[in-house]
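If you're matching them up, the sequences are chains X and C in order.
Residues 0 to 574 in numbering that gives the first Met the number 0 are what the first sequence lists, from first letter to last.
Residues 0 to 171 in numbering that gives the first Met the number 0 are what the second sequence lists, from first letter to last.
Don't take every hint at face value.
[Claimed, not checked] Away from chain X, derived, C-beta distances all over 12 Å, residues of chain C:
id, residue
1, Val70
2, Gln149
3, Gln157
[Claimed, not checked] Quick partial rundown of chain X residues pointing at chain C, CB under 8 Å, derived from the structure:
id, residue
4, Leu165
5, Leu166
6, Thr167
7, Gly170
8, Gly172
9, Leu181
10, Arg259
11, Gly261
[Unchecked claim] Okay, the calculated beta carbon distance ranges per label pair:
id, chain 1, residue 1, chain 2, residue 2, range
12, C, Ser6, X, Arg54, 49 to 57 Å
13, X, Asn39, C, Ala42, 44 to 52 Å
14, X, Gly172, C, Arg57, 24 to 32 Å
15, C, Arg148, X, Asn39, 45 to 53 Å
16, X, Trp215, C, Ala42, 55 to 63 Å
17, X, Glu37, C, Asp24, 30 to 38 Å
18, X, Ser92, C, Ala42, 36 to 44 Å
19, X, Asp209, C, Gly28, 42 to 50 Å
20, X, Gly453, C, Gln14, 41 to 49 Å
21, X, Val396, C, Gly31, 49 to 57 Å
22, C, Gln100, X, Gly453, 58 to 66 Å
23, X, Val292, C, Ser6, 36 to 44 Å
If you're looking for bench data, these hints aren't it; they were derived computationally from the structure.
All C-beta atoms, glycine included, are put in the ideal place defined by N, C-alpha and C.
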Amino acid sequence: MIKLSIDDLPVEVPNGTTVLEAARRINIHIPTLCAYQELNHFPGACRVCLVECDRSRSLVASCVFPVAEGMKIWTHTERVRKARRAVVEFLLSDHPDDCQLCQKNGACELQAIAEQVGVRKIRVNRSDLSRHQIDSSSEALRRDPAKCIYCLRCVAVCAQVQGVNLLTPAGRGFDARVVPALGLDLADSNCTYCGQCAVVCPTGAIVEKDDTERVWAALADPQKHVIVQEAPAVRAQLGEEFGMDPGSLVTGQMIAALRRLGFDQVFDTNFAADLTIMEEGHELLQRVKQNGVLPMMTSCCPGWIKFVEHFYPSLIPNLSTCKSPQQMFGAIAKTYYAQIAGVDPKDIFVVSIMPCTAKKYEAARPEMCDSGFRDVDVVITTRELGRMIRGAGLDFVSLPDEDYDPPMGQYSGAGTIFGATGGVMEAALRTAYAVVTGKTMPNLDIQQVRGLAGVKEAALEVGKLGQVRVAVAHGLANARKLMDRVIAGTTDYHFIEIMACPGGCVGGGGQPLPASEEKLRLRAEALYRDDALVQKVRESHMNPAILALYEHFLREPLGYRSHGLLHTKYTERGE
Amino acid sequence: MERVEESSGAEFSAQQWQDVDGIIDQHRGQPGALIPVLEEVQAVTGYLPAVVQRRVARGLGLPLSRVYGVVTFYSFFTMKPRGRHQIRICTGTACHVRGAQRNVNQLKTSLGIEIGECTDDREFGLETVRCLGACGLAPVLVIDQDTHRQVKKEQLPQILRQYQGAAEVSEG
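Generate coordinates for the entire structure from the input sequences, incorporating the hints supplied.
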């Protein structure tokens, strides 16, 4: 342990701790725009976190400066405050000043830091701001390099957490900017659209593509029958948009808010998650029994799918052919639901609320129209739903709890845990066990696949099938490690679950900001609470609405209609 | 920033590709190999278009983004073809005062290209540089390794003629 003083207060921290971290331990929050949780951001790009140190004549960047025994640090001397203000002033000197028009308005770290360090004027001539092309080529994300402050968090997250390595700093001086490799537009690149760059971006340089106006337009159109589905994770995130504690489970208030926004029917993606388990669980059993391609890999996560299509095309046969719950929902809504509700499917408008940016891309994939129409019309993120609720002037916190509309709102606890890493695996094993043995699993909680370890493994005895070996990974860099082992042939798994984002969907690219690992944990706990304490039914195959869907429409899992509506193909896309 | 349409790489000969791969093989696995590899590869291919960057990235097992980041950072590397004869006109203070701009304009017109481009037949490339440190010779320009001093625009056609059709290929 190292003893030092910060602002004349004693502090003791492990060797290797940075001054910035040490200060946080005693609740001194040094402003920074580049340091971000566990990301390695050496050598520190923004220079906002300058402090005075008795061991150095010049000011030092506290985010990368390690503590030393007996060191004295001062974090807010006149010299420090002047220097920080100058650094932020320079950042602002080549940054657009139309904050009110920016999608990040109110959630921008640069705004907050400018306030914290007290910038009141910019002394340089701002008549010739750098001009950059906005990249709105993709359905998921929008890049505006003019707003980039070159903190390089997005580069670090893309490389370290996601192992995609697409984004890079390029050029020099006023031409310097962060771009996809070769300066390609996102749509032409191997971006997975996971949106983790948008999660860490301190400004509006990378944001989700805002589709709220398309939703408002549909809601205002009397011709349209507008129905909505919400991903499992959204109910564990949305409260944060309104200042509620992370981990608040706001299912009932979310439904109430959606009704007040004017949706004709409020359904739930969890219903479709149960449907996915029926199809995917049977697909797994079929592959095991018929010596099909193993390990089978989950296909719920569109970022993961695009990752495989670009980087591991040889593993495409391992992907489950099941569409994601979002897409199953759309295909069923415009066929089965249209039929039972007596609505012309061309008038049905399906809106998804997702914790995810890649879902926008998934819904727009050309093959996703098996109902004869675009299966899902618009996807908005949790953040965009927050924007709509604020736009409607609703006091979210004081809304009463309301209940879903039947039949596509009904779900099991297995459906709800899809939102956390390991949840799809746990849900699938519950149903697979019951299908094989005819009995409910003795303990429905499969702890080995829960939690935030990067790669999790479990082996379960499943009746006459014998031992079923599974693995779960989240964050694409972890997925990469696991896939390299699969390709090398050193694994003997039957089933692998991958979620592109850290923590699974609760940590998705569309989550409320700012994010943290602690929030991931709390949101996941909320979903497990929903499963164990709120839902009466905890297995997908016991969901009465799912049973009715099979009885009246689909007939059987992997049947003729399922094949046409609920299963899909993948495309090799080149690295 | 430069963004170049991706070509198939057919403009390079089998021998050139073989040389590129040889350079990559020599450096594979060495830390810090990227910059020397790009330097040597550019000497073979003349410039570093996307197709060449992809080859280097794959060969060295590096992300394409890393290669692109380095190529765009150093002005020595170029993603646009350079001429067999590269004309560098000094536009530093002394040369500017003594009429460098007249020479720039004259060359742009007679070659039909802008600064940073090269002629369609790749014979001449044109770029400006800040001070060459030869202010006494202003206005000065350098073609390949030759320095031309106190150049008047009327002399330019004759200077260019010295290089036209010369078989010798300059080093990138």
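Structure-based check of all given hints:
The non-interface label for C:Val70 is inconsistent with chain X: the shortest C-beta to C-beta separation is roughly 8 Å, within 12 Å. Residue-level check passed: C:Gln149 sits 32 Å from the nearest beta carbon of chain X, beyond 12 Å. Every C-beta of chain X lies more than 12 Å from that of C:Gln157, the closest at about 36 Å, which supports listing it as non-interface. Against a cut-off of 8 Å between C-beta atoms, the interface hint on X:Leu165 holds, since the closest Cβ of chain C lies about 6 Å away.
The criterion of a C-beta within 8 Å of any C-beta in chain C is met by X:Leu166, whose closest approach is roughly 6 Å, and the hint holds. Hint on X:Thr167 holds. Least Cβ distance to chain C is approximately 4 Å, under the 8 Å limit. Taken as an interface hint, X:Gly170 checks out: its beta carbon lies about 5 Å from the nearest beta carbon of chain C, inside 8 Å. This hint is violated: X:Gly172 has a C-beta 10 Å from the nearest C-beta of chain C, more than the 8 Å allowed.
Interface hint at X:Leu181: satisfied, since its Cβ lies 5 Å from the closest Cβ of chain C, which is below the 8 Å cut-off. For the restraint placing X:Arg259 at the interface with chain C, the shortest Cβ-Cβ distance is roughly 45 Å, beyond the 8 Å limit, so the hint is violated. At a threshold of 8 Å, the smallest CB-CB gap from X:Gly261 to chain C is about 43 Å, leaving the interface hint violated. A hinted range of 49 to 57 Å holds for the C-beta pair C:Ser6 and X:Arg54, which are about 54 Å apart.
Restraint check, X:Asn39 to C:Ala42: a C-beta distance of roughly 35 Å breaks the suggested window 44 to 52 Å. Remark: the range hint 24 to 32 Å for X:Gly172 to C:Arg57 is upheld by a beta-carbon distance near 30 Å. Hint check: C:Arg148 to X:Asn39, Cβ distance near 52 Å, so the stated range 45 to 53 Å holds. A beta carbon spacing of about 58 Å between X:Trp215 and C:Ala42 agrees with the range 55 to 63 Å that was offered as a hint.
Checking the proposed 30 to 38 Å range against X:Glu37 and C:Asp24 shows it holds: the Cβ atoms sit about 37 Å from each other. X:Ser92 and C:Ala42 have their C-beta atoms about 40 Å apart, which keeps the hinted 36 to 44 Å range intact. For the pair X:Asp209 and C:Gly28, the beta carbons lie near 46 Å from each other, so the given range of 42 to 50 Å is met. Separated by about 46 Å at the C-beta atoms, X:Gly453 and C:Gln14 satisfy the suggested range of 41 to 49 Å.
Taking the beta carbon of each, X:Val396 and C:Gly31 are about 56 Å apart, inside 49 to 57 Å as hinted. For C:Gln100 paired with X:Gly453, a C-beta distance near 60 Å keeps the hint of 58 to 66 Å intact. Taking the beta carbon of each, X:Val292 and C:Ser6 are about 37 Å apart, inside 36 to 44 Å as hinted.
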